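A.B. asks: Using the sequences plus the hints, can you model the full thing?
Protein chains in written order, with the numbering used here: chain A, 1 to 432; chain B, 1 to 564.
Check before you lean on any hint, since a few could be wrong.
As the list claims (entries may be wrong) - Heads up, simulated DSSO-like pairs for lysine-lysine below, C-alpha to C-alpha not over 30 Å straight-line:
| id | chain 1 | residue 1 | chain 2 | residue 2 |
| --- | --- | --- | --- | --- |
| 1 | A | K7 | A | K422 |
| 2 | A | K44 | A | K312 |
| 3 | A | K422 | A | K312 |
| 4 | A | K401 | B | K278 |
| 5 | A | K7 | A | K401 |
| 6 | A | K357 | B | K531 |
Claimed, not checked - Heads up, incomplete: computed chain A residues facing chain B, CB under 10 Å, no partners named:
| id | residue |
| --- | --- |
| 7 | V59 |
| 8 | K63 |
| 9 | P258 |
| 10 | L259 |
| 11 | D268 |
| 12 | W271 |
| 13 | A278 |
| 14 | L279 |
As the list claims (entries may be wrong) - Ranges of calculated distance between the beta carbons of each label pair, as one might list FRET restraints:
| id | chain 1 | residue 1 | chain 2 | residue 2 | range |
| --- | --- | --- | --- | --- | --- |
| 15 | B | I66 | A | W274 | 31 to 39 Å |
| 16 | A | W274 | B | G15 | 38 to 46 Å |
| 17 | A | D211 | B | T482 | 53 to 61 Å |
| 18 | A | A197 | B | K270 | 39 to 47 Å |
| 19 | A | S358 | B | R398 | 53 to 61 Å |
| 20 | B | H248 | A | S187 | 38 to 46 Å |
By construction, these hints were calculated from the structure, which means they are not laboratory data. No experiment lies behind these values; they were computed from the predicted model shown. Note that CB positions come from ideal geometry on N, CA and C, so glycine has one too.
Okay, here's what each chain looks like letter by letter:
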Amino acid sequence: MTATAPKQLVLRAYQVGFGDCFLLRFEYTRGRPRHVLVDFGSTKGGADPVAIANDIAEVCEGKLDMVVATHRHKDHISGFATKANGKGSGDIIRALEPDYVIQPWTEHPDAKKDARSAPNSAAARMRLYGAALEQLHQAAGISAAVADAFSHAHMFDRSLLAELAFIGEDNLANKPAVENLMTMASSRKRQLYVSHARRKLALGTALPGVDVRVLGPPTLEQTDTISKQRSRDADEFWHLLQAGPFAAPRVQGTRLAPLFPGWIQKGDPSWVRWTRRALRELSVERVLSIVRELDKAMNNTSVVLLMQAGKKKLLFPGDAQIENWEYALGQAWVRKLLAGVDLYKVGHHGSLNATPKSLFELFDKRASKLDDPDACMTSVMSTKPGVHGSTSRNTEVPRRKLADELEAETHLFRTDRLSKAKLCEIIEIPLR
Amino acid sequence: MLTVIAQDPGVKMRGVVLTTRVAVPAERLTPGPSGHRVQVVDFDATTNTLYRARTDALEDDVFEGIDPDELIGNPQFHQQNVYALVSSTLARFEHALGRRVPWAFRTPGHQLKVVPHAFAEANAYYSREAQALLFGYFRGAHGQTVYSCLSSDIIIHETTHALVDALRPRYVTNSSIEQAAFHEGFADAVAILSTFAMPQVLAFGISRLGRKAGERARIGTETIPRNLLVPERLKRDALFLLAEQFGHELDPVRGAPALRASVQLDPSPKYLARAEYKQPHKRGEIFVAALLQAFVLVWSERLLPKSERIRELDPRHVIDEGADTAAYLLTMIIRALDYAPSIDLQFADFLSAVLTSDARLHPDDGRYRYREHLRASFEAFGIAPQSPTVDGLWRRPRKELRYDRTRHAGLRRDPDEVFRFIWENSAALGLDPEAYTWVQSVRPCVRIGDDGCVLEETVIEYLQELDARGDELKGYGVRKPTDMPPSFNVRLYGGGVLILDEFGRVVYHIDNGVRSRRQSARVAYAWQDYKREKEAPSREGRHDGAFAGLHEARARGPVPWRKR
Chain A
1 MTATAPKQLV LRAYQVGFGD CFLLRFEYTR GRPRHVLVDF GSTKGGADPV AIANDIAEVC
61 EGKLDMVVAT HRHKDHISGF ATKANGKGSG DIIRALEPDY VIQPWTEHPD AKKDARSAPN
121 SAAARMRLYG AALEQLHQAA GISAAVADAF SHAHMFDRSL LAELAFIGED NLANKPAVEN
181 LMTMASSRKR QLYVSHARRK LALGTALPGV DVRVLGPPTL EQTDTISKQR SRDADEFWHL
241 LQAGPFAAPR VQGTRLAPLF PGWIQKGDPS WVRWTRRALR ELSVERVLSI VRELDKAMNN
301 TSVVLLMQAG KKKLLFPGDA QIENWEYALG QAWVRKLLAG VDLYKVGHHG SLNATPKSLF
361 ELFDKRASKL DDPDACMTSV MSTKPGVHGS TSRNTEVPRR KLADELEAET HLFRTDRLSK
421 AKLCEIIEIP LR
Chain B
1 MLTVIAQDPG VKMRGVVLTT RVAVPAERLT PGPSGHRVQV VDFDATTNTL YRARTDALED
61 DVFEGIDPDE LIGNPQFHQQ NVYALVSSTL ARFEHALGRR VPWAFRTPGH QLKVVPHAFA
121 EANAYYSREA QALLFGYFRG AHGQTVYSCL SSDIIIHETT HALVDALRPR YVTNSSIEQA
181 AFHEGFADAV AILSTFAMPQ VLAFGISRLG RKAGERARIG TETIPRNLLV PERLKRDALF
241 LLAEQFGHEL DPVRGAPALR ASVQLDPSPK YLARAEYKQP HKRGEIFVAA LLQAFVLVWS
301 ERLLPKSERI RELDPRHVID EGADTAAYLL TMIIRALDYA PSIDLQFADF LSAVLTSDAR
361 LHPDDGRYRY REHLRASFEA FGIAPQSPTV DGLWRRPRKE LRYDRTRHAG LRRDPDEVFR
421 FIWENSAALG LDPEAYTWVQ SVRPCVRIGD DGCVLEETVI EYLQELDARG DELKGYGVRK
481 PTDMPPSFNV RLYGGGVLIL DEFGRVVYHI DNGVRSRRQS ARVAYAWQDY KREKEAPSRE
541 GRHDGAFAGL HEARARGPVP WRKR
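C.D. replies: Here it is as structure tokens:
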């Protein structure tokens, strides 16, 4: 144990509705505490983002050491959005001058240039990825627009429309937040775009006594090595190119323009009604099925962080799902590290696919594995029921089966159990 | 005759998009256009917009001679384009089969809906539930809108899916990879041969033939030397160049066009065993490649008969012979559907079906030896006829059947009469006594033979189902997958096709019974499918998923088959 090792972690899990926002405060015997903000996104209610940002500013006494934006979904980054008047929650966070900003490699600025040629080099592949990302936002626009267009029609399964609207909204490009994150670190060199690696992140003196490792997302090359059954065809571009076939010619915000404005049939001829109805139903199902895939792809760009502080291991996997985890879980050294996890931020708000069984079973500090069940690990789940998935399809978030298991095997904290008056759950974890 | 885009807007001759005119049945039209079998509804579900249809001079080809660039911006031309190509494809099927072909939907309805701008998605598919062909549009690489409803091969491909589904509804079940591959491969083959049967398209390929070889050959001005007309050169140069010109913009819808992929497959029996060809789309390419091989063999033989020493040919003759060959092959493969088993189709079955159906009409293989070339081409790709007879034709029934308890006239039209016939002859036909059996269709047809005489046939399709538990499978001669629980309920499917001659006598019985030797493989495949589905439920539970997902899969590149 080095003299600089932190003695305690105080974790704040903010009430953000459906989203993630965690402030980690590492306290030391000597010297100032260090603060890491992991995600700041909010949808479907929750506390006022500005109030949360002010609380963060107060707790960290005006200085953030590191910001992690696991992936670009709204429910993880909306709080980073700035406002023209400088009074947005993102402006408050920016003023805390974080030294480091950690984002997945897929957010690298080089990945944002539009390119559609075959990916011959790493750079070109990255640009293609950027193009796919653009299309994803297009798809999200369509999704939101379709949900909106049919919201007054009575024949639809309301839960499908709600899901469509949510996924659409969650995936829409959040430009102010994305741009803020791109330039928030104290220098360009400290804007880190990370991927799976065995070595620790070089963070200078930002977090004394805390080792940070990135377990995911894998790079494309790493993904290739595990996808033997997938073609190595240049067009087969990991998960995101799936967005390719789904791009509307004209999307303005969330409004879709008709193809031929001068040829629109006014009125409502009866002979088209049957087909129109069948088509609308199909359309909602199809759009939903596609955006679900895209949504998953975006979740899989999540940064998966494992922090070792003192004697404890803290796992923050964002919304990573099995496809992201697959590469890391295939590595013996990762499995060894994960066995000792003390704090687990439950992946993707408790969804079915974000806590792979093969991961959960690795945890040695589950109650059933210990002589003293009270000494078990802690888990923290930021979630809100009734937003994502459906109980009838066994895809509800949080998934009841998983929540029960977490309850039985860990000390589980859930943000949806917070009273309305409370801004956050505060969890203290001794690190020695 | 109505004007359509010959291939797609990417195929241009001297900078102008290639158009052609196709024959459609003469019929009364209402705005849509709507005819008695095809109804165009131009509703866009993504933007919730209905586009105006033409209201006057509906039966006239008002777009003839109009600048093709103007046509591309006119939704009413798009409406005509889909109407004409779907109608002409239906007409081609009805011509080949010698009867009307109903659509697959059973709720009262005779008109297939065709939606040219259905949604903003790089996809086009047939939906049995929506009783429709749906064509998407999307933003192309250069920001322009790409319409799948302007690509004739995509339109014909989707129409073929609808027609095969009507003729053999069981082909969408999870029976084997090859059956799924057939649906795709057959739709591709019909689309490709239909485009070749348009002389303008073939002319386009031929016009480039000499240029590549450095030997100038321009239509109408020069002749094509013999060395360019041997099968290998026709395939490698004419078809390959043509494939290269097919609009790349539509690749997200159709993948690399089947033509482009298949034309590059040199004959080899090894593809079938390769892992990458265990996916329906890839496996379908083998089917198309075998047909294309037969096409160039016949085409070349027609151009360069062995008995004559030809040194060069007029390009117009080359094109006409090519278009005729394509049209003949097309008729052959469509007609073969009637002779294909009603469930669990394998490529080998189809080969026997095509050989048998052609031999019925043309006992002699004729000057151009279509059957011989087809069989040789399929065998070069490792596909031998399913029937073990010398000529690969289905075997005639070997057991005596009794006809004295059924009325001859009823057998040609009445499913109950046919069922009685099957009931009385159950043992002789080799049907399982325990299986639930029913007659799905009775289709009388009239075909014209070589000698000009009329061949009257009746095609009867029956199906069988047998419910068994895992531990009972052995008793039915079916292997139980090792990890299947003994109490698991399995439904075994079987079925067959009876071809009756004009006297109501069975000439062929093409069956795949519930106890057939392939049942073990079918159960194993369905079991795997079931397990995958349970593990990761597919997004669509409805039948539509079969086609929508399949095409989406093609757009995305290879994905596991369960995505369908």
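A.B. asks: For the hint on A278 (chain A), just tell me whether its beta-carbon gets within less than 10 Å of chain B.
C.D. replies: holds, 4 Å
A.B. asks: For the pair supplied as a hint, K44 (chain A) and K312 (chain A), is the alpha-carbon distance within the 30 Å limit?
C.D. replies: Cα-Cα ~33 Å, so violated.
A.B. asks: Would you check whether W271 (chain A) satisfies its interface hint, that is, whether its CB is within less than 10 Å of any CB in chain B?
C.D. replies: Check passed: Cβ of W271 (chain A) comes within 8 Å of chain B, closer than 10 Å.
A.B. asks: How does the Cβ-Cβ distance of S358 (chain A) and R398 (chain B) compare with 53 to 61 Å: does it lie in that range?
C.D. replies: holds, 57 Å
A.B. asks: With chain B as the partner, please determine if P258 (chain A) meets the hint condition of a C-beta pair closer than 10 Å.
C.D. replies: Hint holds; P258 (chain A) Cβ to chain B Cβ min 4 Å, cut 10 Å.
A.B. asks: Measuring from beta carbon to beta carbon, are D211 (chain A) and T482 (chain B) in 53 to 61 Å?
C.D. replies: violated, 47 Å
A.B. asks: Assess, step by step, whether the Cα of K422 (chain A) is no farther than 30 Å from the Cα of K312 (chain A), and give holds or violated.
C.D. replies: holds, 27 Å
A.B. asks: Does L279 (chain A) meet its interface restraint, that is, does its C-beta lie within less than 10 Å of any C-beta in chain B?
C.D. replies: Constraint on L279 (chain A) satisfied, holds at 5 Å.
A.B. asks: Keeping to a limit of 30 Å between CA atoms, is the pair of K357 (chain A) and K531 (chain B) held or broken?
C.D. replies: holds, 18 Å
A.B. asks: Is 39 to 47 Å right for how far apart the beta carbons of A197 (chain A) and K270 (chain B) are?
C.D. replies: Holds: the Cβ-Cβ distance is about 41 Å, inside 39 to 47 Å.
A.B. asks: Check the hint pairing K7 (chain A) with K401 (chain A) against an upper bound of 30 Å on the C-alpha distance.
C.D. replies: violated, 34 Å
A.B. asks: For the pair we were handed, K401 (chain A) and K278 (chain B), check the Cα-Cα distance against 30 Å.
C.D. replies: Roughly 36 Å between the alpha carbons, so the hint for K401 (chain A) and K278 (chain B) is violated.
In summary, the structure is inconsistent with hints 2, 4, 5, 7, 8 and 17 from the numbered list given earlier, while agreeing with the others.
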